[in-house]
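Visitor: So the chains spell out like this:
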Amino acid sequence: MSNLLARFAENAFWIARYMERAEDLARILDVNETFARESTGAADWQPIVYLNSDEKRFFEKHGAATAEAVLHYYVLDDDNPSSIRSAVRAARDNARSLRHLISTEMWRQLNVFYERLTRLGPPDIEVSNLAKLCTNIKEACQTHAGITDGTLLHDEAWLFYNIGKYIERADQTTRLLDIKFQYLRAPAGDERFLDMSQWNALLQSVAGYHAFVRVHPHGIRTEDVAAFLLTNLDFPRSVALCVETVDGLVGDLHNNFGLKLDRRIARALTDLAAGLDERNIGEIMRTGVHEFIDRVQLQLGILSKEMHRGFFASH
Amino acid sequence: MNELGSRGGVFDGYDADGFFCEMFGTATDPALYAEPIRARLAQMNLASLRRRARDAERELYNLGITFTVYSESDAIDRILPFDVIPRIISRDDWARIEAGVIQRVRAINLFLADVYGPQRILNDGVVPRDLILGNNQYQPLMHDVRPVHGTFAHICGIDIVRDERGAFMVLEDNARTPSGVSYVIENRHMMLRAFSDLLDNTQIRRVSDYGLRLAASLAETAPNAAAEPQIVLMSPGVYNSAYFEHVFLAREMGVPLVEGRDLVVDHDIVYMKTTAGLERVDVIYRRVSDDFIDPEAFDKTSMLGVRGLMRAYAAGNVSLVNAIGNGVADDKATYAYMPRIIRYYLGEDAVLPNVETHICRDAAGLAYTLDHLAELVVKPVGESGGYGITVGPQASADELAACRDRINENPANYISQPLVRLSVCPTLTATGVAPRHVDLRPFAVTGRDTWVLPGGLSRVALREGSYVVNSSQGGGSKDTWVLE
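Chains U and R, in that order, give the protein sequences. According to my numbering, the first sequence is numbered sequentially starting from 161. According to my numbering, the second sequence is numbered sequentially starting from 7.
It cannot be assumed that every hint is accurate.
[Said to hold, decoys possible] Selected chain R positions facing chain U (in silico; Cβ < 8 Å):
id : residue
1  : Ala282
2  : Glu285
3  : Gly371
4  : Ala373
5  : Thr435
[Claimed, not checked] Restraint-style ranges between C-beta atoms, simulated for each label pair:
id : chain 1 : residue 1 : chain 2 : residue 2 : range
6  : U       : Glu275    : R       : Lys306    : 32 to 42 Å
7  : R       : Arg267    : U       : Gly418    : 17 to 27 Å
8  : R       : Arg211    : U       : Lys292    : 22 to 32 Å
I should point out that these hints are in silico values taken from the structure, not numbers from a laboratory. The beta carbon of each residue, even a glycine, is placed where N, CA and C say it ideally should be.
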């Protein structure tokens with residue numbers, strides 16, 4: 161069997177990234193409404209804008225980060241490349257180029273999902289309807305993941321798909337953690353019972369609250385939350401688990417399909433894995449979560465760029 | 007009223023109005039073979055038919071079995087309208103069509119090999135030399151190419167119509183990149199889902215193995231004796247209106263769906279760009295037209311082609327499917343000579359006759375056409391998709407005058423034919439089941455030998471009284487059932 165066309169590898173990679181992005185964004189919007197409200201009585205929507213480093217483009221369009229403006233910008237806005245609708249459209253565009261390789265069921269679900277998103281209007285993103293909408297979006301993304309898992313041949317395209325998915329997931333988790341850390345300076349004193357709602361919201365957004373509590377039944381400490389999302393190797397959305405998964409998939413590209421791995425890919429993966437060792441968490445907290453996350457994001461960026469250079473770019 | 011049987015139920019009041027009906031035949035020649043299907047259909051009520059039709063069209067849309075229409079700001083996915091009442095072809099009728107199509111494809115391939123070779127048929131004066139050499143589809147570069155097995159038209163679509171007596175005749179040959187086969191197979195899938203009860207105990211010829219047959223034929227045309235030749239399907243890309251069909255063909259054959267930018271020619275060998283570097287390509291089923299396939303050889307501005315492809319082709323290092331320059335064989339003017347072409351190469355009469363054709367480049371043909379304009383159908387020779395056609399009997403005085411001016415301006419660009427009173431098929435319409443005109447495009451696949459997909463695409467003119475079945479002109483399609 162011949163190797164995968166370089167363009168298709170890129171399409172597979174980006175279908176997964178965009179769908180993962182859409183799901184994570186739906187989680188963030190949902191949780192922001194539901195849980196961030198508890199502490200102050202009114203949900204603050206501004207962090208969402210910073211989470212995606214969109215402040216410049218957002219404030220060119222909107223005067224203030226009201227619920228209405230932020231939700232429109234991140235759910236419906238076709239001009240905003242990081243809106244859910246844009247992400248799903250981009251996933252569908254990539255899937256369109258790959259239609260002959262993916263299953264009919266996979267295409268059909270994505271096609272119907274996007275069609276549904278195009279029909280959404282302002283009433284659908286009113287705060288009172290938001291939880292329902294986000295649940296639907298999350299479920300559609302998970303249906304996509306399930307159909308993919310159940311129907312996509314485990315060939316090269318599958319590997320690139322999953323590499324894209326886990327790089328994106330790692331990236332989204334770091335963004336989420338980073339923004340919360342920038343907004344929530346850890347208070348002094350016994351922090352275990354302080355400002356729980358914020359940590360709660362963070363964990364809820366990655367559907368990790370109950371998992372966290374099972375691992376840490378005695379209260380929420382900043383360091384434990386950071387460790388859970390960064391270095392834990394059991395939680396599906398932790399950065400360490402994502403990186404470990406990517407490492408294995410990249411190895412399969414070489415072992416099963418004979419692809420040459422550039423040293424830079426191997427080095428980025430080794431550096432990432434070393435930094436995410438759970439024994440490092442004390443060090444991470446001392447030097448600063450934000451600084452550490454900056455480094456992780458840089459390395460994820462290098463990894464993504466090297467995937468492009470090594471496999472997607474025209475030879 | 008019920009002499010043909012089963013004219014009740016949804017067929018209550020159905021009247022083919024003197025046309026040959028694909029479901030009922032004629033009063034003197036009733037379609038007995040269709041009786042079991044007719045009886046089952048008649049029992050269904052209109053509401054059920056409509057519900058199933060709606061579900062089927064919705065599903066076609068969800069599955070993305072669509073073509074895309076672009077406006078300035080928007081891209082709209084449309085389905086080819088699908089009519090749920092199948093068109094039935096008897097075993098005997100199919101045997102005749104199949105033989106006629108195979109004969110025609112053989113003649114077309116021999117003709118192309120001759121035209122781009124010794125040109126015997128031109129030297130013998132059977133076909134006028136300037137009709138071929140002066141045709142803008144004629145590609146002199148093809149004199150350097152010897153396609154494997156002498157096959158030029160690997161995939162052929164022959165448009166067939168049926169007159170009021172039920173006689174089949176060929177209306178048009180499509181030997182360049184005929185499209186529509188994906189709808190044949192997808193329509194069948196849709197019918198099997200929506201009307202499984204209609205197919206009970208009915209043996210119809212299957213169409214689902216088209217992809218495997220096609221892949222096997224393409225492999226036969228590989229230029230080098232590669233055990234497993236690398237076949238690719240080459241598309242202009244996602245914005246092409248037939249993109250779904252390209253997806254379909256690549257998927258059914260299990261081959262990469264490439265674009266020009268994925269291929270590169272080095273030392274007259276074609277490669278595709280993979281994750282592991284360049285890999286050799288042996289056979290290209292291209293759905294990019296001649297003009298755009300190689301900017302070095304043809305249109306310099308083409309972004310869809312591959313530079314150097316024609317060199318690789320002439321060097322015998324890659325097979326192009328269909329060959330380049332086939333347009334000289336399926337041109338509407340060449341069409342008029344097809345019965346003579348068949349006799350010349352095969353020494354046989356055409357199994358499927360032509361529709362009588364007047365060539366306006368000939369003085370006699372021009373005079374006849376202008377004298378009988380109101381009775382004739384006038385077609386430009388180079389167009390496809392039903393564009394530019396004037397149907398005399400249905401045209402206004404102004405339209406006829408405009409047509410006359412166009413012919414006088416450039417007679418060689420036109421042919422005329424008598425209006426064939428096309429057969430009809432019961433079709434679900436807003437006002438119930440009513441007759442609508444249909445044609446048939448069987449698809450022939452040729453590697454070493456020719457195989458014809460049983461049935462083909464039945465196109466239906468959905469507008470009442472219309473004879474134009476093209477999708478760009480309000481046409482839809484039906485599933486075509488060839489009985490065992």
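Visitor: Each hint: holds or not?
Guide: Hint by hint, here is what the structure shows:
1. Ala282: 4 Å, holds
2. Glu285: 5 Å, holds
3. Gly371: 46 Å, violated
4. Ala373: 52 Å, violated
5. Thr435: Since chain U brings no Cβ nearer than about 27 Å to Thr435 of chain R, farther than 8 Å, the hint is violated.
6. U:Glu275 / R:Lys306: 32 to 42 Å: Taking Cβ atoms as reference, Glu275 of chain U and Lys306 of chain R lie about 40 Å apart, which means the hint holds.
7. R:Arg267 / U:Gly418: 17 to 27 Å: 24 Å, holds
8. R:Arg211 / U:Lys292: 22 to 32 Å: 49 Å, violated
Going through the hint list in order, the structure does not satisfy hints 3, 4, 5, 8.
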